[in-house]
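Asks: Given the structure of chain A, go ahead and fit chain B onto it with the hints provided.
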Amino acid sequence: MNWKIPAALLAAALAYPFIFRSNFAINFGVLVLFYALIGQAWNIAGGYAGQLSFGHAVFFGTGAYCSTILQLKLGWNPWPGLAAAAGAGALVGALIAALSFRFGLRGSYFALITLAFAEVFRILTNAVEFTGGGLGLLIPLKRGAANFQFAERIGFYYAILALAALSIGIAIWLKRSRFGAQLAAIRENEDAARALGIDTYREKVKVMALSGALCALGGSFYAQYYLYIDPTVVFGLDKSAEMLLVAMIGGTGTVYGPLIGSLLLTLVGEVTRANTEAQGLSLIIYGSLLILIIGFLPNGLVELFKLRWRRKARA
Amino acid sequence: MDATILGAAVINGLLLGGSYALVAVGLTLIYGVLHIINFAHGSLLMLAMYGAYYLLVKAHIDPYAAIPLMVVAMFAAGYVLYRGLIGRFSHGKDENILLITLGLSIVLENVALFFFKGDSQTITVSYSDRMVALGPALVPLPKLVSFAASLVLCAALAWFIARTETGRAIRAVAKERQGARLVGIDVEKIFAVSYGIGIACLGAAACLLIPSFYVSPSVGNLFVIVAFTIVVLGGMGSFAGALVGALIIGLTESLSGLFLGEALGQIGISLIFILILLFRPTGIFNK
Numbered sequence: 001m002n003w004k005i006p007a008a009l010l011a012a013a014l015a016y017p018f019i020f021r022s023n024f025a026i027n028f029g030v031l032v033l034f035y036a037l038i039g040q041a042w043n044i045a046g047g048y049a050g051q052l053s054f055g056h057a058v059f060f061g062t063g064a065y066c067s068t069i070l071q072l073k074l075g076w077n078p079w080p081g082l083a084a085a086a087g088a089g090a091l092v093g094a095l096i097a098a099l100s101f102r103f104g105l106r107g108s109y110f111a112l113i114t115l116a117f118a119e120v121f122r123i124l125t126n127a128v129e130f131t132g133g134g135l136g137l138l139i140p141l142k143r144g145a146a147n148f149q150f151a152e153r154i155g156f157y158y159a160i161l162a163l164a165a166l167s168i169g170i171a172i173w174l175k176r177s178r179f180g181a182q183l184a185a186i187r188e189n190e191d192a193a194r195a196l197g198i199d200t201y202r203e204k205v206k207v208m209a210l211s212g213a214l215c216a217l218g219g220s221f222y223a224q225y226y227l228y229i230d231p232t233v234v235f236g237l238d239k240s241a242e243m244l245l246v247a248m249i250g251g252t253g254t255v256y257g258p259l260i261g262s263l264l265l266t267l268v269g270e271v272t273r274a275n276t277e278a279q280g281l282s283l284i285i286y287g288s289l290l291i292l293i294i295g296f297l298p299n300g301l302v303e304l305f306k307l308r309w310r311r312k313a314r315a
Numbered sequence: 001m002d003a004t005i006l007g008a009a010v011i012n013g014l015l016l017g018g019s020y021a022l023v024a025v026g027l028t029l030i031y032g033v034l035h036i037i038n039f040a041h042g043s044l045l046m047l048a049m050y051g052a053y054y055l056l057v058k059a060h061i062d063p064y065a066a067i068p069l070m071v072v073a074m075f076a077a078g079y080v081l082y083r084g085l086i087g088r089f090s091h092g093k094d095e096n097i098l099l100i101t102l103g104l105s106i107v108l109e110n111v112a113l114f115f116f117k118g119d120s121q122t123i124t125v126s127y128s129d130r131m132v133a134l135g136p137a138l139v140p141l142p143k144l145v146s147f148a149a150s151l152v153l154c155a156a157l158a159w160f161i162a163r164t165e166t167g168r169a170i171r172a173v174a175k176e177r178q179g180a181r182l183v184g185i186d187v188e189k190i191f192a193v194s195y196g197i198g199i200a201c202l203g204a205a206a207c208l209l210i211p212s213f214y215v216s217p218s219v220g221n222l223f224v225i226v227a228f229t230i231v232v233l234g235g236m237g238s239f240a241g242a243l244v245g246a247l248i249i250g251l252t253e254s255l256s257g258l259f260l261g262e263a264l265g266q267i268g269i270s271l272i273f274i275l276i277l278l279f280r281p282t283g284i285f286n287k
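Those sequence lines, one after another, are chains A and B. Quick note: the first sequence uses the numbering used here, first residue 1, plus one each step. Quick note: the second sequence uses the numbering used here, first residue 1, plus one each step.
Hints are computed from structural coordinates only; laboratory data are not their basis. Predicted model only: the values in this text are computed from it and were never measured. Worth double-checking, as some hints may not be accurate.
Here are the simulated DSS-like cross-link-like pairs (lysine-lysine), alpha carbons at most 27 Å apart as the crow flies [claimed, not checked]: (1) A/Lys306 with A/Lys4; (2) A/Lys306 with B/Lys175; (3) B/Lys93 with A/Lys175.
Bound-form chain A, shown alone:
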């Protein structure tokens, strides 16, 4: 294992806010790390284990609503709320996985059922009273690190850095662990994996719980950063697609793919927003990139880096 890359990345990420001090730069860093986190959450299920999901927003929204409702209705502090959100995300992940995999859903069918679950959650939160319905929930302003509402953006930056680093750490661990190897076997050929004695059902439920927990952390962070959530934003297909795009474009099943994807997509998003009034231009680019990546670079942008390293190593 080469520890130079993660160590260098972490050092660069820790130093970033001291080099780029503007609010814009810090916000940019927060967005990159935020999308890297939820992209990695998707990647762990969709890339490492090959369980394509079109409805990961179900975990994101669960996390966002869990910590927010605990705060507003039961007076919880948002920090334990963050932990509770992860627990809720894991639970929902395990439940959806247990149900879907018990009935043998695979591939595109699994993608569709996750989409349907996200829809059910969106409609439910939209319709019932205590989630604030379609109006959404507003978290009252109480600045302070103790309330997970940092007075300075830099606080949010380091919070999301910790979460993103955790997700990348898990991705590294998966590359080296028995669990990760079992997931790779499931992704490549599930029947063969079962023939080798892997309990594919149990491993798939475990990975969905892990992915759901990470994704819910992202949702809870989102709620604290923007202090407002509504059903369409946190449970909508757009959120599910964002995570998928970040991971697919960067490179699925790789440790740094989601980070690279997030960096590129956030850059494209900010540049188009700054230079044009036109809505949706960044999404046109994202969608086209997705198609091109599948057509020409199935392992994602991370492949470009690998090719260069290999060439260097040979030279």
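Replies: Okay, now just chain B, sitting in the frame of chain A:
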């Protein structure tokens, strides 16, 4: 519960189902032959609806008269899309097709947003507001027309698949790809033709929907989950199944809206979808 309200809800549900059937028949053909889920179906419908809209607004062609034109145009669009993009980029993997069509739908929806802006547009034709009394319900004439057209479309497709030479080839490819290739059928071409026909149905659907509906860049999203539900419910590749499935879904939406209220009523379709995927992924009519 008042019997007239219930009766009206049933009739509206069936008519709604007719509209859904228009969108779902093309999807079930693509699904049955290529075994892929065309996630771009909704956004291609949106594109066809803008086509019908601008044909009326700019060229003063009545939507119903524009049907042949839109069917041909959408067939060409579908054929070219499959040949140039989907077939070529997917490397023969089903999941890649799902992702490519997702990418396509994101691109199409946002290109539409770029050119047509986000507001919804409606058209007015002489018959848009004409109402017909149907038992306890007063229904708009265009909805009745699209209901009848959905029956015709299903029958026409079933006839085409059962009786024509191309239809025979499509059935052969759907049943046994390798075998079809061995007897000399150009499988890739049949895929592209099937995709083209599936998309051509959207051309007809768009012309029939637009007099009583609106068009906006995101209008296709309304139909996506609904159409998937219908296709899986009816059994893949079955036109009669799609029709019956569409009527069931239309009724479900109308009745759950009536009993559960506007906001919660939408949940019925997603729940049916989950249940059918879990318990009968081959559809309710297949043994």
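Asks: Against each hint, give a clear statement of whether it holds in the structure.
Replies: Hints, one by one, checked against the model:
Taking the CA atoms of A/Lys306 and A/Lys4, the gap is about 15 Å. The hint holds against a cut of 27 Å. Among the hinted pairs, A/Lys306 with B/Lys175 is inconsistent with the structure: their alpha-carbon atoms are about 42 Å apart, more than 27 Å. Between B/Lys93 and A/Lys175 the CA atoms are separated by roughly 25 Å; this keeps the pair inside 27 Å, and the hint holds.
In the structure shown, a violation is registered for the earlier hint numbered 2 alone.
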